[in-house]
Amino acid sequence: MEQTPVIIVVEDEPQIRRFLRTALEAEGCAVTEAGTAERGLIEAGTRKPDLVILDLGLPDRDGVEVVRDIRAWSGVPILILSARADENDKVAALDAGADDYLTKPFGVGELQARMRALLRRSARASANEPTVCFGDVEVDLAQRRVMRAGAEVHLTPIEYRLLTQLIANTGRVLTHQQLLREVWGPGHAGDSHYLRVYMTALRRKLETNPTLPRHLLTESGVGYRLVTGN
Amino acid sequence: MAADDRPDPDALLAQLEAEQAKAQRGKLKIFFGASPGVGKTYAMLSAARLLVAQGVDLVVGVVETHGRAETMALAEGLEILPRLEIEYRGHTLREFDLDAALARKPALILMDELAHSNAPGSRHPKRWQDIEELLDAGIDVYTTVNVQHIDSLNDVVGGITGARIWETVPDKVFDAADEVVLVDLPPDELLQRLKEGKVYIPQQAERAMANFFRKGNLLALREISLRRTADRVDEDVLAYRRSQSVSGVWPMQESLLVCIGPGPGGEKLIRNAARVAAQSEAPWHAVYVETPKLQRKPDAERAQMLKMLKLAQDAGARTAVLSGPDAAQAAIAYARQHNLGKVMVGRDRRPFWDLGFAYRLGRQAPDLDVIQVAHAPAELPPRRHGTGEKSAPVVRRADYAWAVAIVVAVTVVATPLAKLLDLANIVMLFLLGVFFTAVRLGRGPALLSAFLAVAAFDFFFVPPQLSFAVSDVQYLVTFAVMLIVALITGQLTAGLRFQVTVAQGREQRTLALYEMARELSAALTVEQIAEITERFVAQGFNARATLMLLDARDRLAAVGGSAEDAPDIGIAQWAFDHGETAGLSTDTLPSAPMLYVPLKAPMRTRGILALRPRDLPWLPAPEQQRLLDTSATLIAIAIERVHYISVAQDALVHMESERLRNSLLSALSHDLRTPLTALAGLAESLTLAGPSLPKAQAEIAQAIREEALRTSALVNNLLDMARLETGSVKLTREWQPLEEVVGVALQARASVLAHHAVRVDLPADLPLLEFDAVLMERVFCNLLENAAKYTPAGSRIEIAARRDGDNVEISVADNGPGLPPGKEEALFEKFARGHEESAVAGVGLGLAIVRAVVEVHKGSVRAENRPEGGARFVVTLPVGEPPSVPVEA
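Chains as they are written, first to last, in the working numbering: chain Y, 1 to 230; chain L, 231 to 1119.
Derived by calculation from the structure, the hints in this document are not laboratory data.
This structure is a prediction, so every number in the text was calculated from the model and none was measured.
Every residue, glycine too, gets a C-beta built ideally from N, C-alpha and C.
Treat each hint with caution, since some may be false.
Claimed, not checked - Label-pair ranges, simulated between beta-carbon atoms:
(1) Y:73 x L:929: 44 to 52 Å
(2) Y:149 x L:987: 54 to 62 Å
(3) Y:150 x L:929: 44 to 52 Å
(4) L:961 x Y:110: 24 to 32 Å
Using the sequences and the hints, build the whole thing.
In C-alpha cells:
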C-alpha cells in the first residue's frame, strides 16, 4: 500500500486554497496550506512533501524565485498555478525547474489529472523500464527501436533524441529552450523553428492524426509534453 | 612645392556639391545665334530628330517655325505638347503648358526662344524661368536664343542696331547652360536667304532688311556672338583645368560690390557689373543704401530701385538693402564685411550719385578700388512713375488756407499799429507770421505766406499805400529777405518734420515687431498665432492675412479665414515646395491677387503666409519687405515652437496613459480572474466535499461553474481586445508550422466541436510562418468556436490552407446557414453579432479579436459566403522569408 501523498499548496487567495484542499483531499492526499511564499518554503522544508502546488502571483515573492529556491535543495514535483496570460512567466518558472502548470481558471478534473501524473512520475523515476508504450507505438529504449502497429518506424538521430527526451519526462511540460538545449546543444537557443519542424515530422511518423495529436502535445508558446495514457 | 600642386579643398568641395546638384538637374543646351534667321530652330530640330532616332523620349514644348517651310518639315512627326490657352483682354494666347510638361516628364524637351515673355497670368513671367523649373525637375532642355537677348549684351547690341529689346535673358542662365552651340551663318548668306523669303514673308523681309538686317549690323552682331561664345569656351577650359588640377595657382577672388542709386544709369551699371564679374569669375553683390533722403522719394521711384536689385539678383548677384544716414559709410561697411575689394558706382548728374559719392567712397576707404560707370549715349530717359508728387509729405489744402489766414491776421493786427510803429518793425510782424507758418505748416504754405506777406506789406504799408508801386528801392531788400527767410525755414522744418515722420514710422514698425514677437512667444496654439498674424498684417501692411499650415495628411490648409479670402492652394503649394515667395509682386504668378510667403523655420518650412492687400496695386517698399521677411520668420519659429510643444506633450501623455493602461489591465486581469477561478473551483468541489449532492443541487453547482467559466472567458476576451487595441501586446513571433497551431486550437475547442465533423487539409509543403503562437491559437479557436456556434450539430467544418504568391491563405469554412448577406465586413466590428437578438450566447468580440491579431501580423481576414452554401473565413498571412532547417543525412 502506498502511503498518503503530502501536498503543500502555496496560494494567497483563501477561497482558492479551500477548493484546492477539497479537490486534493478527495483524491486521498494530505494537504498543507501556506498563504505566503515564506510560509510555503518553511512548510516545504519541514514536511517532506510529495508535491508542491505554487501560485505564481504571490504577494511577498516572485514565484519563479520560489521555484529556484526549492530546486536548490529538492527535486519535489512543482505544479505552477498562473493567473497571468503572459506566457513568459510560465516559461520562466518551467525553465527554473517547475514540472507543470495550470492557467486559472482550471477545472478540478484537470487539477487532479495533473497531480496524479506528477505523483506517478516521481514514484516511477527510479524504475527504468526498457520499453515505453503510447497509443500503437512501442519504443524499445535498449535497442533504440521504434515500432508502430507492429511495423518498424525509421527515425532520424535527432528525431530519436527528441523522442527519448520527451519519454524521459513523460507527463511533464518541456519548454522549447529545455528541448533545444538537450537535443541540439547549448548553441541553438534561437533556433526554435528546428524544434517545431522536427516535432511535426515526429508526429507525422507516430501519430494517427498528426493535426490532432493525442500523445505528442503542444503547449502554445511554452513547449511540448508527451502523454502516454489515453 | 608639393602643397601648391594640390587643389584648394574648399574649391573641390564646392565643385563636388555643384556636380551633385547637377547630376539630378536636367541638362540645358542652348542653340545660340547672332540674329534671327541663322537657323537655330532648324539646328535644334535636326539634333532632336537624331535623338528621336536613337530612341530618346523627346517632346516639343514650344517651336516657333515662323512659317518657314524647311523648319516645319523638320518638326513633322515629333510629339508636340498641346499649348495652354490663356484668355487675356479678349485675346486667346496660346502659351507653353508648364504643368503638362512636368506631368509628362520627358527625357528631353524642346523650348524655342529662351527670351520669350509669357502671357500675363502664367506661372512665371519669363520662359527662362519655366525652363529653370523643367531643369529642376530633371528634364533636359534644348533652347534657342539670339545674342541681342543676352542681358549684359543688350546695351551693346542696342547701341549697334538702334533698337532696344525688352525681352532679355539673365547672363547666369546662359552661363549655367551645360552646352552652348553657336549656329553661325555668314551675313551674305543670311541676306541671300532673306531675299529668297526663307526667313520672313516678302514684305516683312523688305522692312527688316532696311532696318535690322543691314550688313554692318549683321557683321557686328556676328562678332559679338562669336566673342561671347569664345568667352564661354574660355570658362569651360578654365573649369576643366580646375577640375583636372592643371593649375596649382588659385587667383584671389576679385569680389565686386555694385552700389545702385536712384539715377537712370542703374540698368547699365548692373549689366556692366555682371559682365565684369563674369569675366573675372568673381561673386558680386549689389546693394541699395536707403538714406532718409531717399526714403522721402515717392514709392514708385523706390520701387524702381527695388526692380534694379531684382535685375541684379537675376544676373547672379547677392543683393541687400542697407540703411543708414550716410550711403558711402554703409556701402563701405558692407564691402568690408563681405570682403569685397572693388566698388562700382554709376556716374550721375544728380547730386547724390555724382562724383561726390565716388569721391566720398575713395576718401573714406582708400583701400577700395572704385569704378565709375559712364552713361551710355543711347541711354533712354529713366522710366519714372508719378514724378509730379515729388514731395512726400502730404500737404493739405487747409494748411494753405491757414497760411492765408495768418497773413490776413497779421495785416489786421498791424494796420492800427502802423501809425505807432516804424515800417521796419511792421516788417518784423510779417516775418514772424511767415516764420510761424513755415514752422507749423511746412514749405509750401510758408512760400505762399511769404509772397502774400510781401504783397500785403507792400499794398497796405509801404508808401504809396493801397498800391503795389514801391517808391523806395530799399524795400525790395526787405521783400527779398522775407522770401529767403520763408524758404529756408520752410525747407528746414519740412525736412525736420519728415525725419520725424520717418523715425516715427520706423519706431512704429519696430514696436509692432516687438509687440508681435512678444505676443507670439506667449502663443500656445496655432489659432492664437493665426490671430496675432492677422492683426499684425492688417496694421503693418494694410492687408488680410491667412495662415496656411500642413494638416495631418501633410497638405496645406488655411487656418481660419473666410471663404471669399481663400488662398489659391496651387500657388501656395508651389511657394511651399520651392521655399520662395510667390504670387502678387513676385516673379511667380505676379497677377495673382495674393502674396504667398513661405514660413521657413529652422527645421523645415512650416507653412505659408498668404497676404491679400486691401488696395491694389501693391508694391512693398524695402522696409516693408524687410518687415515682412522678419515677421514671416518670427511666425514660422512660433509655429515650430507650438508644434514641438504639442509633440512633447503628446509623447508625455502617451507614455503616461500607456503606463496607466498597462497597470490597470494587469490589475484587472488578476482581480477578475482570481475570484472567478475560486467561484468555478468551489462550485465544482461542492460535489466532492461531504456526501454526494442530490441531483438537482449537483446540477445547480454545475451551472454555477459553467457561468463562472463563461464570465472568465468573456473577461479574457475583453482584456485581450483592450491589449490589442492599445498596441500594448508584445508579439513573440517565431517561425513555425501552421499545422501545430491548428492542432492546438482543435484540441482546445474539442468539447465545442464534439458534434461537428472537422476536416483538416493542410498541404505538407506549406512554408513555415512567422507568428505569435498564443495569439494565433486564439484566432483559430475563435474561428472554430464561431463555426461551431452558428451551425447546427452535425455540420461539416473544413480547415484548409494554400500558398498564394507571397501569402498563405488559411480558410475555415462550414456548410451551415451562411452569413447574413452584405454584413460580412460588419461582423469584424466590436460587439457585432451576425444575427441580432440571436439565441446564441456571446458578445461579438471573437471576430474582432481575430481581425486585430491578424492585423498585428500584417495579414488580413475576410468573411464570405461560399457559393455552395455556408460561411467561409479566410485569413491571409504574409510568407516573408522563412529560415532554412538543415536536413539530416
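Against the structure, the hints come out as follows:
1. Y:73 x L:929: 44 to 52 Å: holds (47 Å)
2. Y:149 x L:987: 54 to 62 Å: This hint is violated: roughly 25 Å between Cβ atoms.
3. Y:150 x L:929: 44 to 52 Å: The hint (44 to 52 Å, Cβ to Cβ) holds, given that residue 150 of chain Y and residue 929 of chain L are roughly 47 Å apart.
4. L:961 x Y:110: 24 to 32 Å: Given a distance of about 28 Å, which is inside 24 to 32 Å, the answer is holds.
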